[in-house]
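Engineer: Since the structure of chain F is already known, use the hints to place chain W on it.
Sequence lines, in order, name chains F and W.
In terms of this note's numbering, the first sequence opens at residue 1 and continues consecutively.
In terms of this note's numbering, the second sequence opens at residue 1 and continues consecutively.
Read the hints as simulated data drawn from the structure, not as lab findings.
Virtual Cβ for every residue (Gly too), placed ideally from N, Cα, C.
Don't take each hint at face value.
[Unchecked claim] Each pair of labels, with its calculated beta carbon distance range:
no.	chain 1	residue 1	chain 2	residue 2	range
1	F	Glu351	W	Asn225	44 to 50 Å
2	F	Ala17	W	Glu231	37 to 43 Å
3	F	Asp280	W	Asp37	54 to 60 Å
4	W	Gln178	F	Lys337	20 to 26 Å
[As the list claims (entries may be wrong)] One side of the interface only, derived from the structure: several residues of chain F facing chain W at Cβ under 10 Å:
no.	residue
5	Tyr16
6	Asp284
7	Ser328
[Claimed, not checked] Mimicking BS3-like on lysine-lysine, the simulated pairs with C-alpha atoms at most 25 Å apart in a straight line are:
no.	chain 1	residue 1	chain 2	residue 2
8	W	Lys220	F	Lys337
9	F	Lys39	F	Lys88
10	F	Lys382	W	Lys220
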Amino acid sequence: MAKKTTKKSNETGWEYAPSLESIGHIDLKESYDLFIDGKWVKPSSGKYFETINPANEKVLAKVAHANEEDVDRAVKAARKAYDTVWSKMPASERAKYIFRIARLMQERARELSVIETLDAGKSIRESRDIDVPLACNHFFYYAGWADKLEYAFPIRDFEPLGVAGQIIPWNFPLLMAAWKIAPALAAGNTVVLKPAETTPLTALKLAEIIELSGLPPGVVNIVTGFGDTGAAIVEHPEVNKVAFTGSTAVGKHIQRAVAGTDKKVTLELGGKSSNIIFEDAPIDQAVEGIVNGIFFNQGHVCCAGSRLFVQESVADLVVRKLKQRMDSLYVGDPLDKNTDIGAINSKEQLEVINKYIKIGIEEGAEMYQPNCEIPSKGYFCKPTLFSNVAQSNVIAQEEIFGPVLTIQTFRTVDEVIQKANNSPYGLAAGVWTDKGSRIFNLTSKLRAGVVWANTYNKFDPASPFGGYKESGFGREGGLHGLRAYVKLK
Amino acid sequence: MQGLKMVLNMIDLTTLEGKDTPGKVKQMCYKAQHLHDAYTGLPTVAAVCVYPSMVGVARKELKGNIVKIASVSTAFPSGQAPMSVKLEDTRFAVSEGADEIDMVISRGKFLAGEYNFVFDEIAAIKEACGKARLKVILETGELSTLDNVRRASDIAIHAGADFIKTSTGKIQPAATMQVTYTMLMAIRDHYDRTGIMIGMKPAGGISTSKLALHNLVMVKEVLGNQWLSNEWFRFGASSLANDVLMQIMKTETGLYQSPDYFSMD
Chain F
1 MAKKTTKKSN ETGWEYAPSL ESIGHIDLKE SYDLFIDGKW VKPSSGKYFE
51 TINPANEKVL AKVAHANEED VDRAVKAARK AYDTVWSKMP ASERAKYIFR
101 IARLMQERAR ELSVIETLDA GKSIRESRDI DVPLACNHFF YYAGWADKLE
151 YAFPIRDFEP LGVAGQIIPW NFPLLMAAWK IAPALAAGNT VVLKPAETTP
201 LTALKLAEII ELSGLPPGVV NIVTGFGDTG AAIVEHPEVN KVAFTGSTAV
251 GKHIQRAVAG TDKKVTLELG GKSSNIIFED APIDQAVEGI VNGIFFNQGH
301 VCCAGSRLFV QESVADLVVR KLKQRMDSLY VGDPLDKNTD IGAINSKEQL
351 EVINKYIKIG IEEGAEMYQP NCEIPSKGYF CKPTLFSNVA QSNVIAQEEI
401 FGPVLTIQTF RTVDEVIQKA NNSPYGLAAG VWTDKGSRIF NLTSKLRAGV
451 VWANTYNKFD PASPFGGYKE SGFGREGGLH GLRAYVKLK
Chain W
1 MQGLKMVLNM IDLTTLEGKD TPGKVKQMCY KAQHLHDAYT GLPTVAAVCV
51 YPSMVGVARK ELKGNIVKIA SVSTAFPSGQ APMSVKLEDT RFAVSEGADE
101 IDMVISRGKF LAGEYNFVFD EIAAIKEACG KARLKVILET GELSTLDNVR
151 RASDIAIHAG ADFIKTSTGK IQPAATMQVT YTMLMAIRDH YDRTGIMIGM
201 KPAGGISTSK LALHNLVMVK EVLGNQWLSN EWFRFGASSL ANDVLMQIMK
251 TETGLYQSPD YFSMD
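Just chain F, with the same shape it has in the complex:
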């Protein structure tokens, strides 16, 4: 927490001064239009909505609300760009544009990370050290593939799909845009992208960067809006591919909407991922992994390690150390470099989290929250731990998408595999043990798209990411990520 106390500290106390990242260097307009066909155009409805800073509830900018007509213009622009320019261009030329976007993003990394923090509420340390560099790396990585696709799909003929409609969530706004746009462009598709309504700003800054890069008009179109805008993209007949990251409920809706069409779909949905600590694990390291697994980005992570399983022989120790570690987390101003846990993304999400915390208490689980102060303005939630939890508890079954962890204990390897798999989700899992053989045993038996061994929430552009079961299908990142954007003949 940003301890802005003026309290004179005595010999036994030492407070850190706030270390605020400056915001003087960012360039934000009062209002943003839609980025269609290489131009900034006003929404046909004339409607704009406000995007706010969740850490202080102040309005950052007004953003256009695209309707069906605007989406139609964007899709038509993308279609035209696909037919006349992008699909005809030599792949090596396409690569140059993508590299250029990556470099321009790097040049503006500081501005992008500050805007990300302002708009999304995530701590500046995370947006500066994780979101923005990873987003740049995705562009670099896929730029490298663009003219080497024949090695990605050896002995197969392939062609791009055409126009990709992409809808991204609010938890990693710029990073998700990169995950979606970079492979689509590298494989030769054109794009209509809709950022989330609470976090549209970095996608719009990316549009400015794309404009600056000289990318041919219409190759990337960015339309802002709400669910109706997303629905218009999904339902548009000229969209060849739908890529969605977000909630399982919306994912199911999209699946229904595209049924009977020949649209290709990839869905990256919710999760209730397990993080499993065995008795031989390096406990202190595992505690850091637990903290990183669930409190990273305020728990707004689809693969958050929200179900902790601890072997009974070390359960007391792990819980004690975890509580101690939670006590040292700083919750507060996301712009403060001391902050570990920033603001919850929106009022709605804070209400959802609080609803689940209430359910947890009502279910009789034992709650622990550190005794830290949280700012009075803005949307904040203390890191929360529920012990004495069973698989049957609602809080152990449903995705909370906040800094709320449930702890269960287990006795044997088979038992924990069963429990970990006993979920409609299957996005990720973490395994903490000193034994290599145990790691391999679990990675083959856990039904999760990603299994981390002695680490958690580790991402790399070369590594595919995606889910089992109701966590979605298709993979993003790596070679596998390209597969979702080509038709193999």
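Structural biologist: Only chain W this time, still in chain F's reference frame:
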């Protein structure tokens, strides 16, 4: 600023060279009490750290002073001497007036897996210390893995160390942040189990204010505010003090001053 002053007050101002003379030690003892008289309100350092043969000199210089005298012992820095010599070394230093004894463990025995030997040796030296506080130097640069650092820390703590210390300063790498963090964890686990506080002294390689503050942050985050005093945390350093003084003056005046304005003792 508060952090910087805290650092000054935690320094064990050290000279451990074959060429140490009474003159050198006298000068250092004066510096220990008068870090930078051009600026008032500065604390003294925590202690001076010298060879046993220099303890008498330091005692004379620091008579009745709050600056403590630490003496290395047990055939520092190698520790390659028979037990009787090590005990005599320690008793001599204490009798000359050392408040604190910085002993080295037998790394050779440790690496050979003779943990009992290492334990017994520390326990025996502790007994020889009498009222003097015992700092146990693990010489982590020779232990090679963090697992070993942790094991050696646990042995030292259980054998009666009042402080655990990273290095002699003669071997690289010395007090890296990873090593210090590992040792702080050992201290924390011991405290959680028993409620007994053990002190920590990183030594060697910490020569800038920034690095020193990094260390203080680690202590605060791992062990908490109660460890933030020279009773429980020390820096073993010779050149750190002047860098801290320079930063303090910079904070005060807004300008960096030439190193020539800071005395070298």
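Engineer: Against each hint, give a clear statement of whether it holds in the structure.
Structural biologist: Evaluated hints:
A beta carbon spacing of about 36 Å between Glu351 of chain F and Asn225 of chain W contradicts the range 44 to 50 Å that was offered as a hint. The hint said 37 to 43 Å for the Cβ distance between Ala17 of chain F and Glu231 of chain W, and at roughly 25 Å that hint is violated. The hint said 54 to 60 Å for the Cβ distance between Asp280 of chain F and Asp37 of chain W, and at roughly 57 Å that hint holds. The hint said 20 to 26 Å for the Cβ distance between Gln178 of chain W and Lys337 of chain F, and at roughly 22 Å that hint holds.
A hinted interface residue such as Tyr16 of chain F counts as satisfied when its beta carbon comes closer than 10 Å to some beta carbon of chain W; here the least separation is about 8 Å, so the hint holds. At its closest, the beta carbon of Asp284 of chain F sits 6 Å from a beta carbon of chain W; the interface hint therefore holds under the 10 Å criterion. The interface hint given for Ser328 of chain F holds, since its Cβ lies 5 Å from the closest Cβ of chain W, which is under the 10 Å cut-off. As the CA atoms of Lys220 of chain W and Lys337 of chain F are separated by approximately 17 Å, the hinted pair is consistent with the 25 Å bound.
For the hint linking Lys39 of chain F to Lys88 of chain F, the alpha-carbon distance of about 22 Å falls within 25 Å, and the restraint holds. For the hint linking Lys382 of chain F to Lys220 of chain W, the alpha-carbon distance of about 21 Å falls within 25 Å, and the restraint holds.
Hint compliance for this structure: hints 1, 2 are not met, and every other hint is.
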